[in-house]
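Visitor: Sequence:
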Amino acid sequence: MKRYDFIIIGAGASGLSLACHLAASPLHDRSILLVERSLHAHPNRTWAFWERVGSPLGGPVPCSDIAFHTWRRLLVATPGRTLALRTHPYRYRAIHSADFHRSAYERLSTFPNIEFLEGGVQAVADDQDAARISAGGAEYQGQWVFDSRFGLAGFHPGRRYHYLRMQIRGWHIETQHPSFDPQVATFLDFRTPQMGQTRFLYVLPSDSHHALVEHVACIPATAKLLHEHEEEQALKHYIEHTLGVAGYAVVNQEDGVNPLTDCPFPRRWSPSSHVMRIGIAGGMLKPSTGFAFARIQRDSAAIVRSLLEHGHPFAVPRARWPYRLFDPLALWAMAGHGERVGSLLSALFRIGRTARILSFLDETGMPL
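The sequence shown begins at -13 in our numbering and counts up one residue at a time.
For the record, the hints were derived by calculation from the structure and aren't laboratory data. Check each hint, because a few of them may be wrong.
DSBU-like, lysine-lysine: derived pairs with alpha carbons at most 30 angstroms apart [what the hints assert, rightly or not]:
| no. | residue 1 | residue 2 |
| --- | --- | --- |
| 1 | Lys222 | Lys210 |
| 2 | Lys222 | Lys272 |
| 3 | Lys210 | Lys272 |
Cβ-Cβ distance ranges computed for the label pairs, FRET-style [stated by the list, open to error]:
| no. | residue 1 | residue 2 | range |
| --- | --- | --- | --- |
| 4 | Glu214 | Gly338 | 21 to 31 angstroms |
| 5 | Asp241 | Ser192 | 12 to 22 angstroms |
| 6 | His223 | Ser192 | 17 to 27 angstroms |
| 7 | Asn238 | Asp112 | 22 to 32 angstroms |
| 8 | Arg291 | Gly66 | 40 to 50 angstroms |
| 9 | Trp318 | Lys(-12) | 20 to 30 angstroms |
| 10 | Asp193 | Ala84 | 15 to 25 angstroms |
| 11 | Leu330 | Ala109 | 44 to 54 angstroms |
Where a beta carbon is used, it is the ideal one built from N, C-alpha and C, also for glycine.
Generate coordinates for the entire structure from the input sequences, incorporating the hints supplied.
Guide: Okay, structure coming up:
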């Protein structure tokens, strides 16, 4: 059985981010195995985040270098009002998942002590002073195993917690005529039928002719997910009637469903376990917003600090009480009063300072 210092299950956003943080730390000479079902086939995704000017998100992961665009002005719209917001000292940025994967692979491939294994993981088990996995017909042992696997189909948090599914469908469109201001991103646009739920669109233009337009529906666990044609009809109506864009072509698409829940995600299997959950499986998806990428970077840095200072990865910070209180309240509102959320958020941005709101939603600042 081959032994490694660290085994990372899943080479997605969380697995690759952690590997990059480890490779850039004093632990850079430790042996690392990344196990991924398919190393060359990844879903097409766009990951957005905001960062403070002068303190860019990144470090070992070159987020700023691979961001395909930056916006310093945001729009928040409801049927009765449109707010134009300046984000300073923050800026809103987005990266393509393919660019992230390529950049991370290029960095990690320069380390002879980092290996990749393509194949599914059949089992994970704890030994006395390590953990082991079964993958590709062989077993591998790691002093610490980081598991990013998460399955929405088998996820049932129970009645004690709020649970919604954030269903997303996006179109990358190209217009015949200049149609967008590339300096302005539409952050939240509730000018779409709510149908008793929280539904909105956002628009990320990269130039005057190209933009990602995404439809988002926050659907309670007891309701059915939208059919693909319903999402496409909502996108089509929004682009043609709300944005007033007539001639356009859909050049690419992306979709997904993420869990929005206040149920706890235990990071450790048991008090003596050498397995730690990361990514969505470790609770890195913000329950009230669906953002995860920036949280994954901060969590990866905290895991490395814990390894260096404590000899184990579990001494990572817990969210402070205002955030733990806000997330369930937001989920309660979306679950029971979804059609009113747009007006509430619009009012919040209207009376509050945008930078304070963004920092609070990102769990880096306190509420107003």
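Visitor: If a hint holds in the structure, say so; if it does not, say that too.
Guide: Each hint, compared with the structure:
no., hint, result
1, Lys222 with Lys210, "holds (21 angstroms)"
2, Lys222 with Lys272, "holds (29 angstroms)"
3, Lys210 with Lys272, "holds (22 angstroms)"
4, Glu214 with Gly338: 21 to 31 angstroms, "violated (37 angstroms)"
5, Asp241 with Ser192: 12 to 22 angstroms, "holds (20 angstroms)"
6, His223 with Ser192: 17 to 27 angstroms, "holds (23 angstroms)"
7, Asn238 with Asp112: 22 to 32 angstroms, "violated (43 angstroms)"
8, Arg291 with Gly66: 40 to 50 angstroms, "holds (47 angstroms)"
9, Trp318 with Lys(-12): 20 to 30 angstroms, "violated (48 angstroms)"
10, Asp193 with Ala84: 15 to 25 angstroms, "holds (19 angstroms)"
11, Leu330 with Ala109: 44 to 54 angstroms, "holds (46 angstroms)"
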